[in-house]
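> If you want the building blocks of each chain, they are given just below.
There are 4 protein chains.
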Amino acid sequence: MKIGRQDQRSSAISTSNSDTILVRGHDLAGELIGHIGFSEHFWLLLTGELPSPAQRRVLDATLVAIAEHGLVPSVQASRMTLAAAPESLQGAVAAGILGCGSVILGSAEAAGRLFNEIAMQAAGGAGIDAATTKVIGDYRAAGRPIPGYGHPLHKQGDPRAQRLLEVAREAGSSGRHAEIAHTVERLLPQLIGRPLALNVSGAIPAVLLDVGYPLAAMKGVPILARTASLIAHLLEEQQRPIGFVLSHAAAEAIDYDGATPASFKAGDDA
Amino acid sequence: MKIGRQDQRSSAISTSNSDTILVRGHDLAGELIGHIGFSEHFWLLLTGELPSPAQRRVLDATLVAIAEHGLVPSVQASRMTLAAAPESLQGAVAAGILGCGSVILGSAEAAGRLFNEIAMQAAGGAGIDAATTKVIGDYRAAGRPIPGYGHPLHKQGDPRAQRLLEVAREAGSSGRHAEIAHTVERLLPQLIGRPLALNVSGAIPAVLLDVGYPLAAMKGVPILARTASLIAHLLEEQQRPIGFVLSHAAAEAIDYDGATPASFKAGDDA
Amino acid sequence: MKIGRQDQRSSAISTSNSDTILVRGHDLAGELIGHIGFSEHFWLLLTGELPSPAQRRVLDATLVAIAEHGLVPSVQASRMTLAAAPESLQGAVAAGILGCGSVILGSAEAAGRLFNEIAMQAAGGAGIDAATTKVIGDYRAAGRPIPGYGHPLHKQGDPRAQRLLEVAREAGSSGRHAEIAHTVERLLPQLIGRPLALNVSGAIPAVLLDVGYPLAAMKGVPILARTASLIAHLLEEQQRPIGFVLSHAAAEAIDYDGATPASFKAGDDA
Amino acid sequence: MKIGRQDQRSSAISTSNSDTILVRGHDLAGELIGHIGFSEHFWLLLTGELPSPAQRRVLDATLVAIAEHGLVPSVQASRMTLAAAPESLQGAVAAGILGCGSVILGSAEAAGRLFNEIAMQAAGGAGIDAATTKVIGDYRAAGRPIPGYGHPLHKQGDPRAQRLLEVAREAGSSGRHAEIAHTVERLLPQLIGRPLALNVSGAIPAVLLDVGYPLAAMKGVPILARTASLIAHLLEEQQRPIGFVLSHAAAEAIDYDGATPASFKAGDDA
Chain F
1 MKIGRQDQRS
11 SAISTSNSDT
21 ILVRGHDLAG
31 ELIGHIGFSE
41 HFWLLLTGEL
51 PSPAQRRVLD
61 ATLVAIAEHG
71 LVPSVQASRM
81 TLAAAPESLQ
91 GAVAAGILGC
101 GSVILGSAEA
111 AGRLFNEIAM
121 QAAGGAGIDA
131 ATTKVIGDYR
141 AAGRPIPGYG
151 HPLHKQGDPR
161 AQRLLEVARE
171 AGSSGRHAEI
181 AHTVERLLPQ
191 LIGRPLALNV
201 SGAIPAVLLD
211 VGYPLAAMKG
221 VPILARTASL
231 IAHLLEEQQR
241 PIGFVLSHAA
251 AEAIDYDGAT
261 PASFKAGDDA
Chain V
1 MKIGRQDQRS
11 SAISTSNSDT
21 ILVRGHDLAG
31 ELIGHIGFSE
41 HFWLLLTGEL
51 PSPAQRRVLD
61 ATLVAIAEHG
71 LVPSVQASRM
81 TLAAAPESLQ
91 GAVAAGILGC
101 GSVILGSAEA
111 AGRLFNEIAM
121 QAAGGAGIDA
131 ATTKVIGDYR
141 AAGRPIPGYG
151 HPLHKQGDPR
161 AQRLLEVARE
171 AGSSGRHAEI
181 AHTVERLLPQ
191 LIGRPLALNV
201 SGAIPAVLLD
211 VGYPLAAMKG
221 VPILARTASL
231 IAHLLEEQQR
241 PIGFVLSHAA
251 AEAIDYDGAT
261 PASFKAGDDA
Chain H
1 MKIGRQDQRS
11 SAISTSNSDT
21 ILVRGHDLAG
31 ELIGHIGFSE
41 HFWLLLTGEL
51 PSPAQRRVLD
61 ATLVAIAEHG
71 LVPSVQASRM
81 TLAAAPESLQ
91 GAVAAGILGC
101 GSVILGSAEA
111 AGRLFNEIAM
121 QAAGGAGIDA
131 ATTKVIGDYR
141 AAGRPIPGYG
151 HPLHKQGDPR
161 AQRLLEVARE
171 AGSSGRHAEI
181 AHTVERLLPQ
191 LIGRPLALNV
201 SGAIPAVLLD
211 VGYPLAAMKG
221 VPILARTASL
231 IAHLLEEQQR
241 PIGFVLSHAA
251 AEAIDYDGAT
261 PASFKAGDDA
Chain C
1 MKIGRQDQRS
11 SAISTSNSDT
21 ILVRGHDLAG
31 ELIGHIGFSE
41 HFWLLLTGEL
51 PSPAQRRVLD
61 ATLVAIAEHG
71 LVPSVQASRM
81 TLAAAPESLQ
91 GAVAAGILGC
101 GSVILGSAEA
111 AGRLFNEIAM
121 QAAGGAGIDA
131 ATTKVIGDYR
141 AAGRPIPGYG
151 HPLHKQGDPR
161 AQRLLEVARE
171 AGSSGRHAEI
181 AHTVERLLPQ
191 LIGRPLALNV
201 SGAIPAVLLD
211 VGYPLAAMKG
221 VPILARTASL
231 IAHLLEEQQR
241 PIGFVLSHAA
251 AEAIDYDGAT
261 PASFKAGDDA
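Residue numbers (the working numbering), protein chains in the order written: chain F, 1 to 270; chain V, 1 to 270; chain H, 1 to 270; chain C, 1 to 270.
One should not assume that every hint holds.
Beyond 10 Å from chain F on every Cβ pair, some chain H residues (computed) [stated by the list, open to error]: (1) His35; (2) Ala54; (3) Ala123; (4) Gly137; (5) Glu170; (6) Thr183; (7) Gly193; (8) Pro214; (9) Leu215; (10) Gln239; (11) Arg240.
Simulated pairs of lysine-lysine, DSS-like, Cα-Cα distance not exceeding 27 Å [said to hold, decoys possible]: (12) Lys2(V) with Lys265(F); (13) Lys265(C) with Lys155(F); (14) Lys265(H) with Lys2(C); (15) Lys155(V) with Lys134(V); (16) Lys155(C) with Lys134(C); (17) Lys134(H) with Lys155(H).
Have a look at the derived ranges for each label pair, beta carbon to beta carbon [what the hints assert, rightly or not]: (18) Asp257(C) with Arg240(V): 21 to 29 Å; (19) Arg194(C) with Lys155(V): 37 to 45 Å; (20) Lys2(C) with Pro261(H): 19 to 27 Å; (21) Gly125(C) with Arg194(V): 54 to 62 Å; (22) Pro261(H) with His35(V): 32 to 40 Å; (23) Gly125(F) with His35(V): 39 to 47 Å; (24) Ser263(V) with Pro152(H): 21 to 29 Å; (25) Asn17(C) with Gln8(V): 35 to 43 Å; (26) Glu170(V) with Arg144(C): 38 to 46 Å; (27) Gln238(F) with Gln156(V): 35 to 43 Å.
No lab work stands behind these hints: they were computed from the structure.
Using N, Cα and C, we set each Cβ at its ideal position, and we do this for glycine too.
Given only the sequences and the hints, what does the whole structure look like? Please build it.
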């Protein structure tokens with residue numbers, strides 16, 4: 001059945017004939033393979049243009065920063081899935097990617113929207129401090145969390161966040177969004193009553209928006225980066241499996257508190 | 001419950017304390033972010049070692065080669081999924097990755113296993129021609145398809161495959177597996193009765209095995225590469241949606257041939 | 001690392017020892033298998049209680065109603081995924097489920113939230129008409145669509161919706177939420193300027209909330225129902241494959257409108 | 001592009017016009033909703049025929065038997081995914097389904113193939129004992145595990161398996177495949193050197209093949225059943241979250257044994 005309006009029927013990403021594959025207007029075999037790196041290709045696919053050196057450097061830095069942070073929930077989900085279904089590497093990767101959500105890795109996108117909103121307010125004439133105060137106030141009034149700040153482990157400051165801002169300065173691309181990210185961090189104690197350090201999910205949109213990375217694809221950075229890490233974990237899972245060790249230890253941490261007939265004796269598994 | 005043996009309880013990929021994140025023994029913020037590119041980081045995550053220039057160049061070339069080839073089934077599945085569930089970019093990416101299976105993109109891994117088997121046979125003393133003849137014969141006897149050869153569109157030769165082999169030669173890394181890939185292509189007419197050109201899924205393991213990329217992670221290359229492309233398609237889908245156009249056109253191509261009561265009049269949607 | 005508060009460490013769904021599996025306090029082998037049907041078991045798992053005859057009848061009716069509606073986008077995504085990755089039936093099912101999102105099947109949950117909000121307003125003393133007017137007005141002011149009404153194919157009324165409301169009356173369970181669903185339909189012409197008939201995604205929460213089905217699990221009904229249908233489609237896909245027919249026809253409907261070098265001749269695949 | 005042969009372009013599951021939805025030739029609103037239960041509908045979708053009472057009873061029994069068994073890996077993956085991505089219930093369900101693989105729940109399908117192979121051998125004239133001995137011997141020679149027997153917790157016999165066989169006898173449908181399942185269990189000590197009791201994944205295909213359930217959809221039974229259970233766990237996860245408790249406890253069970261610079265002090269998170 002026909003769902004929605006269907007008048008737009010085009011795509012501009014690639015086409016091909018039997019000899020040639022065109023990607024964003026470039027001959028894939030003749031101009032791209034062997035000539036550009038994978039992160040440049042990702043930028044080209046997304047935006048239609050090859051990146052400048054600064055764009056490439058900042059994009060690489062964010063992908064490296066967010067790829068790996070140990071046995072986080074999505075890695076565990078992925079390794080357990082491979083242990084149960086070793087026939088499908090793609091299924092285990094997919095299970096891990098599904099955990100890149102609003103609470104964990106998707107906060108990069110949410111922080112990008114926050115910075116963008118402050119930038120738009122500030123562009124209307126108010127200074128950045130006033131715009132920040134206004135937007136954070138709106139978030140608080142609506143009961144929304146402030147994305148991009150605070151970390152369960154790196155309470156004194158996320159070392160990845162500081163480094164990303166530094167790379168942006170080195171690349172000469174630090175701009176308005178990085179300034180906003182700093183401003184939010186500086187004002188948070190007075191606006192919400194306690195300090196919260198910028199985390200990696202806040203630093204990523206700050207430096208990427210400053211080099212023109214599209215906001216609507218912000219979540220793509222943690223997703224792509226984590227895919228690399230998931231593949232590494234799944235290689236290790238094939239070589240030194242821990243998927244079922246993880247699930248056993250996790251299950252042991254949880255009690256059953258539902259109804260129990262008198263005749264039932266809890267066992268090792270209860 | 002305890003499933004399987006659980007005596008191995010370690011991982012060597014990363015650890016952290018409140019100040020520092022170690023990835024493969026390197027300080028992530030101090031040594032990696034801003035110093036290495038994303039594809040180098042992927043190699044480091046997988047193997048525990050930073051890549052040589054040849055390893056990096058060949059890996060980049062394969063990722064660029066396989067990332068994008070138009071509105072293939074997995075891209076369509078991904079775009080339809082985003083159209084139906086725009087709240088979850090990660091779900092749409094996952095739906096696309098799930099189509100990296102044994103028939104489509106997973107054939108890179110299958111071709112890698114084929115070349116590896118021929119290499120092992122040849123290492124036993126037989127020449128490459130004899131080993132190829134033996135292994136292809138075994139595949140045929142078992143009714144297994146020959147992975148890595150032939151393409152529905154690029155019947156005269158896949159331009160990406162030729163270019164990948166060329167990049168490997170340029171990088172000085174072309175070796176035993178590329179030789180095997182050529183040998184299989186040369187012998188196929190006599191072994192299976194018709195010529196089939198090496199395709200991109202055959203060239204990828206040929207050049208990657210020659211630089212020491214781990215066979216058990218071979219499927220990771222098309223999965224990671226396609227993730228980049230899926231994110232680009234999903235950005236376009238947000239800006240210029242075609243997900244429901246695709247599903248409407250596809251449904252129109254299929255007839256209903258099940259039972260139909262006399263009273264039912266087929267409609268536009270039949 | 002420790003994410004969030006972790007003081008709640010219990011689950012009440014099931015436990016077991018080496019002899020007995022308890023599900024919601026019942027001996028699975030002794031009391032449930034062979035004694036209750038699958039939809040009763042689903043209700044027990046969700047709520048901790050076996051359903052009344054009316055609860056069971058209404059739940060069955062909603063699951064039957066929403067299971068299947070032809071080659072919808074999620075079915076296509078699933079069949080294409082199986083064609084590409086036949087080794088993983090679970091991957092193809094997962095790809096289909098990922099399309100149960102806010103635009104397509106998830107609107108049952110959104111409609112449930114709408115009815116619930118109207119019910120809460122009405123419980124505050126206003127009549128249902130006034131509460132409906134208020135809540136629909138708020139939705140309109142916020143630019144939110146009205147979930148549960150209108151259908152691209154069944155413009156004169158969704159036959160499943162009418163039948164579900166009838167089953168609820170037959171079961172003696174039709175109540176406040178069904179009344180609200182009718183009221184919204186009656187008032188829509190004056191509130192939004194055009195009539196829109198209640199659809200199946202509106203009728204499902206109307207009848208389920210009236211029998212005490214939990215709102216937070218509303219999306220579970222289309223997800224469970226579609227899983228049944230996806231399995232049937234995937235059996236047919238194994239027997240009479242159309243996955244690649246769908247993707248070919250869909251790709252043909254889309255033009256490439258990106259950059260094209262003068263030397264490139266569009267081919268069959270353009 | 002055109003992949004594979006595309007001459008079959010039909011589906012027999014459903015069609016519709018603006019008034020009527022036909023499912024397997026039945027008017028969905030007029031004949032099915034409110035008249036049949038969900039498990040009957042599943043059988044109809046799969047086979048094109050409404051089930052007999054015995055078919056329905058056995059199908060229900062298998063779905064009830066396999067739906068829930070505590071905090072198994074796929075449930076954990078699903079709950080962790082919802083904790084990280086609460087905006088997508090469908091994503092959390094999908095993550096759980098992806099763990100229905102060859103090692104865990106998919107063994108129902110593998111056991112079905114084993115029984116089917118023995119049945120075909122026996123149909124060729126050999127008795128069931130001889131056919132079993134032959135087929136199990138082939139499995140052993142190929143290094144393949146024997147699916148459907150043994151359980152990490154229920155070592156003395158899986159209570160669900162015994163009950164399923166009993167339900168089949170009560171329904172009058174116990175036949176050749178149940179006999180084979182018993183025969184394998186009886187002969188295993190002499191064929192593989194130790195006793196292994198029939199488990200639920202062996203009993204499911206035994207009783208389902210005896211009522212004519214299609215072998216190629218066998219994995220659909222655990223997938224559909226677990227979907228019901230996953231939805232219940234995800235409702236509980238919304239009400240009493242344990243997703244991050246699970247991941248924290250699991251991570252604590254694993255040591256880091258990779259390279260560590262002298263300057264790095266392992267922290268709480270190491």
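> Now look at each hint and say whether the structure bears it out.
Evaluation of the provided hints:
{"no.": "1", "hint": "His35", "result": "holds, 16 Å"}
{"no.": "2", "hint": "Ala54", "result": "holds, 24 Å"}
{"no.": "3", "hint": "Ala123", "result": "holds, 23 Å"}
{"no.": "4", "hint": "Gly137", "result": "holds, 19 Å"}
{"no.": "5", "hint": "Glu170", "result": "holds, 29 Å"}
{"no.": "6", "hint": "Thr183", "result": "holds, 27 Å"}
{"no.": "7", "hint": "Gly193", "result": "holds, 19 Å"}
{"no.": "8", "hint": "Pro214", "result": "holds, 16 Å"}
{"no.": "9", "hint": "Leu215", "result": "holds, 19 Å"}
{"no.": "10", "hint": "Gln239", "result": "holds, 21 Å"}
{"no.": "11", "hint": "Arg240", "result": "holds, 22 Å"}
{"no.": "12", "hint": "Lys2(V) with Lys265(F)", "result": "holds, 19 Å"}
{"no.": "13", "hint": "Lys265(C) with Lys155(F)", "result": "holds, 17 Å"}
{"no.": "14", "hint": "Lys265(H) with Lys2(C)", "result": "holds, 19 Å"}
{"no.": "15", "hint": "Lys155(V) with Lys134(V)", "result": "holds, 26 Å"}
{"no.": "16", "hint": "Lys155(C) with Lys134(C)", "result": "holds, 26 Å"}
{"no.": "17", "hint": "Lys134(H) with Lys155(H)", "result": "holds, 26 Å"}
{"no.": "18", "hint": "Asp257(C) with Arg240(V): 21 to 29 Å", "result": "violated, 49 Å"}
{"no.": "19", "hint": "Arg194(C) with Lys155(V): 37 to 45 Å", "result": "violated, 54 Å"}
{"no.": "20", "hint": "Lys2(C) with Pro261(H): 19 to 27 Å", "result": "holds, 25 Å"}
{"no.": "21", "hint": "Gly125(C) with Arg194(V): 54 to 62 Å", "result": "violated, 41 Å"}
{"no.": "22", "hint": "Pro261(H) with His35(V): 32 to 40 Å", "result": "holds, 36 Å"}
{"no.": "23", "hint": "Gly125(F) with His35(V): 39 to 47 Å", "result": "holds, 40 Å"}
{"no.": "24", "hint": "Ser263(V) with Pro152(H): 21 to 29 Å", "result": "holds, 24 Å"}
{"no.": "25", "hint": "Asn17(C) with Gln8(V): 35 to 43 Å", "result": "violated, 60 Å"}
{"no.": "26", "hint": "Glu170(V) with Arg144(C): 38 to 46 Å", "result": "holds, 44 Å"}
{"no.": "27", "hint": "Gln238(F) with Gln156(V): 35 to 43 Å", "result": "holds, 37 Å"}
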